[in-house]
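Let's have the full structure, built from the sequences with the hints guiding it.
Number of protein chains: 2
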Amino acid sequence: MRKTVLYIAMSLDGYIADDGGKVDWLEGQESADESEGTYTEFVQEIDTVVMGWKTYHQVMTELSPDEWVYSDLTTYVITHREKEPEEKIRFVQDSPSNLIRNLKNSEGKDIWICGGAEIVRQLMQDELIDRFYISVIPVILGKGIRLFGKMEKRLELKLLETRSWNGITELLYEKREEQ
Amino acid sequence: MRKTVLYIAMSLDGYIADDGGKVDWLEGQESADESEGTYTEFVQEIDTVVMGWKTYHQVMTELSPDEWVYSDLTTYVITHREKEPEEKIRFVQDSPSNLIRNLKNSEGKDIWICGGAEIVRQLMQDELIDRFYISVIPVILGKGIRLFGKMEKRLELKLLETRSWNGITELLYEKREEQ
Numbered sequence: 000m001r002k003t004v005l006y007i008a009m010s011l012d013g014y015i016a017d018d019g020g021k022v023d024w025l026e027g028q029e030s031a032d033e034s035e036g037t038y039t040e041f042v043q044e045i046d047t048v049v050m051g052w053k054t055y056h057q058v059m060t061e062l063s064p065d066e067w068v069y070s071d072l073t074t075y076v077i078t079h080r081e082k083e084p085e086e087k088i089r090f091v092q093d094s095p096s097n098l099i100r101n102l103k104n105s106e107g108k109d110i111w112i113c114g115g116a117e118i119v120r121q122l123m124q125d126e127l128i129d130r131f132y133i134s135v136i137p138v139i140l141g142k143g144i145r146l147f148g149k150m151e152k153r154l155e156l157k158l159l160e161t162r163s164w165n166g167i168t169e170l171l172y173e174k175r176e177e178q
Numbered sequence: 000m001r002k003t004v005l006y007i008a009m010s011l012d013g014y015i016a017d018d019g020g021k022v023d024w025l026e027g028q029e030s031a032d033e034s035e036g037t038y039t040e041f042v043q044e045i046d047t048v049v050m051g052w053k054t055y056h057q058v059m060t061e062l063s064p065d066e067w068v069y070s071d072l073t074t075y076v077i078t079h080r081e082k083e084p085e086e087k088i089r090f091v092q093d094s095p096s097n098l099i100r101n102l103k104n105s106e107g108k109d110i111w112i113c114g115g116a117e118i119v120r121q122l123m124q125d126e127l128i129d130r131f132y133i134s135v136i137p138v139i140l141g142k143g144i145r146l147f148g149k150m151e152k153r154l155e156l157k158l159l160e161t162r163s164w165n166g167i168t169e170l171l172y173e174k175r176e177e178q
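Protein chains in written order, with numbering that gives the first Met the number 0: chain A, 0 to 178; chain B, 0 to 178.
Everything labelled a hint here was simulated from the structure, so no lab data went into it. Heads up, some of the hints might be wrong.
For identical chains, the list gives no copy identity; a pair is met inside one copy or between any two copies.
In silico PhoX-like cross-links for lysine-lysine, where the CA-CA straight-line distance does not exceed 20 Å [as the list claims (entries may be wrong)]:
#	residue 1	residue 2
1	K53	K152
2	K174	K142
3	K152	K21
4	K103	K82
5	K174	K157
The structure displayed is predicted, hence computed values, not measured ones.
See the structure below:
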């Protein structure tokens, strides 16, 4: 079955965006030489990316205004807005968990969960994230949007790999199957 | 000058204790073979440990009721309680930052900041932590006591080392000096 993979960067204190929703502290870090990290390997395992509207909007306006950066993938944007599909981008009004269950039951390569925090939270709560690639950026932001929210249930993980480059540490975990 | 070192374990989602204040999820992980980690090296660099009352009480009652585990170190317990000093344990009513400033100006090896979260927060805010040894435990707790609290100022770090053992990843940072 297709795996769902959370591939995301956070500050050491667990923020994915600062209190203005900005990720500029991240770009400076990552621009050095991304090829040292796991991204190149990671994108070869996936063909689909899932994100919320705010993340979509941020990628469109801030990160890459000129072209859709994930044009090699099928993008699903979860939003309440009614929007016609664009080339390789589908806007869905489904819940994150329903969308992911449907995608997992269809054919394809792995599925990248790209954010934001609310979608990640719902999928974690429903135990629908199989792998976690967390890039820890060497900064303590102090405030902002947290990656991990409150959950009722503990989630045990298994560490698969770590890698360090340019001050960033990548931690790769998979969900530990119940014994 | 003596360095202050935060040496502490947290869950991947940044908790140092569960919502009952318990750390049993931590003990199970660490008991495997601590010698693989950095602890043995770390304790050789320090002669002093600083903690709050709750951390002190937890070590006394839960972790090691029979003997004071840090008997090789001088322990400072920050508390509002008036207590007579015990062998190698001094109870101080000073603020964390004042205590640390005084200790840093005195002779000795490095100083371990052991917790809890409130003391860590005050010292980070005042930029009084020089090094961060963070052991990331492979679990997402979902709730509990967070290591990192809200801070007004960003803290840039420099990654010095990472080490993995028994599913735990140790991240060693030092404060990046302003340029």
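Check your understanding: Is the C-alpha distance from K174 to K142 at most 20 Å within one copy, between copies, in both cases, or in neither?
Key -> Only across copies: K174 and K142 sit 18 Å apart there, 28 Å inside one copy, limit 20 Å.
Review point. Given a CA cutoff of 20 Å, do K174 and K157 count as a within-copy pair, a between-copy pair, both, or neither?
Key: Within. Shortest intra-copy distance 6 Å satisfies the 20 Å Cα cut-off; inter-copy 30 Å does not.
Review point. What label fits K152 with K21 when the C-alpha limit is 20 Å: within, between, both, or neither?
Key: For K152 and K21, only the inter-copy Cα distance (16 Å) is at most 20 Å; the intra-copy one is 30 Å.
Review point. Is it within, between, both, or neither for K53 and K152, if the alpha carbons may be no more than 20 Å apart?
Key: Answer is neither; intra-copy 27 Å and inter-copy 25 Å both fail.
Point to revise | Intra/inter-copy verdict for K103 and K82 if alpha-carbon distance must be at most 20 Å | key: This pair counts as neither: shortest intra-copy Cα distance 24 Å, inter-copy 60 Å.
The earlier numbered hints that this structure contradicts are 1, 4.
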